[in-house]
Amino acid sequence: MTRRALRAAPPVRRPRTSPEGRPFPTEAQLDLLKAAVLPAEQAAPAWRRWKSRGIPLVEVDDASGRLFSQLWINRSAAAIGDEDLPLIKGVYRQALASNAVTLNSAFQTTQPLTDAGIPVVFIKGAAMIAASGGRLGLRRIVDVDVIVPEADAEWAATALMAAGYREKRIAEPPPFGLRHAWTCMAPNGSELDLHWWAYKTAGDDRCVFETARPATLLARTVLIPSTTEMLAMTVAGAFLGAHPDSPLRWIADAMVLLAVEEDHIEWDVLLQRAWRPGLTLGLLAGLEFLAREFDAPIPPYVLADLRRRPVTLRERGAHWAACHDPRVGLMMLHHLEMHRTRRLHNPAGVPRDFLGHLAQSTGARTGKRRDIFERHAVLVLQRIIKREPLLR
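FYI, my numbering numbers position 30 of the sequence shown as 717, with every residue one higher than the one before it.
Quick caveat, the hints were computed from the structure, so don't treat them as lab data.
Be aware that a few hints might be false.
Below, a list of computed lysine to aspartate or glutamate pairs in the EDC-like style, where the Cα atoms sit at most 20 Å apart [unchecked claim]:
(1) Lys855 to Asp891
(2) Lys776 to Asp748
(3) Lys855 to Asp880
Quick list of the computed label-pair ranges, beta carbon to beta carbon [said to hold, decoys possible]:
(4) Pro806 to Lys738: 45 to 53 Å
(5) Leu1068 to Glu953: 51 to 59 Å
(6) Ala787 to Glu728: 28 to 36 Å
(7) Leu1068 to Ser739: 51 to 59 Å
C-beta atoms are modelled at their ideal positions from N, C-alpha and C, and glycine is treated no differently.
Take the sequences, apply the hints, and build the full model.
This is how it looks when you write it as structure tokens:
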């Protein structure tokens, strides 16, 4: 075997995600979400149900803990008792201060892109804060996510590296055409996620820039996606690829958008956007859940249209894996869907066979299919020697 097979980082056993870390909440998480985002007639009973479970606030799972800022904002509606207010107020104030620092540095962090004349659209947490009217304490953000046109992605990365930015993970160059984003560190220590796809799967996202709108962030004018695009990113994005660090965020963010900007959501445009590869099942599952559990104002015709859409087996497999987190096969199902969307997006640059896709996008990325066999042969031998399961 050649050294090429050993170039990739050694495999690490992936622990199975707990139910609290998956896209749909547990019963306890659902009560906490309702207390954080719904009006009084629904929030107060939800808070009482959550309190009856006897879970101390200091012992909640990480995903639930990220809702504390919104619990503070909604404290009156949820009728939260005095004994719990100091903790959630402290978390809210911490988010307020931390976000002010993070967002202030974001303008400096994105300056090389602006200087290069590259369109920059703020997404995720920064966009949510701007869309909510600048409520800094709405949710804590630890880094800044921006998206640039895919055609400008290499230029953007070059401009950042010329300004002293470096990849967060050692020896990981920007994965253009392979993944959706590149994480880099600015000279001032700030973290920037540079996206060129709006989702974890490949697709045409030019409409994000065509419909972007100005918004105010710390008294500065920035571009954020349209309300319709933000809702699609928030809901569908929760069901693509590996589980996010904050799996309940999609529900809380979607409910904020529906409460603050419902009149700006163009449902027919969202249905058109759902034709982007990989979005149909995530949008359907998420919107159905919001309508059922939160009485969200989702037009019935939207759900009916999404149910009728043709969906491939690969998309179904990737969606099932995102919801259930199987012990074996999660990454394989994700890569099968990734191969499908990459082929649709760039048929000339992506191999027709799945093995060719893996050779391009995993390990040392040599593009040579034999390296896949060599690397996995080494892996099997290592597991046999260590008496570990061959499948995990």
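To see whether the hints hold, each was checked on the structure:
1. Lys855 to Asp891: violated, 26 Å
2. Lys776 to Asp748: holds, 18 Å
3. Lys855 to Asp880: Holds - the C-alpha atoms of aspartate 880 and lysine 855 are around 10 Å apart, at most 20 Å.
4. Pro806 to Lys738: 45 to 53 Å: holds, 47 Å
5. Leu1068 to Glu953: 51 to 59 Å: 55 Å Cβ-Cβ, so the 51 to 59 Å window holds.
6. Ala787 to Glu728: 28 to 36 Å: Since the Cβ atoms of alanine 787 and glutamate 728 sit about 34 Å apart, the hinted range of 28 to 36 Å holds.
7. Leu1068 to Ser739: 51 to 59 Å: holds, 54 Å
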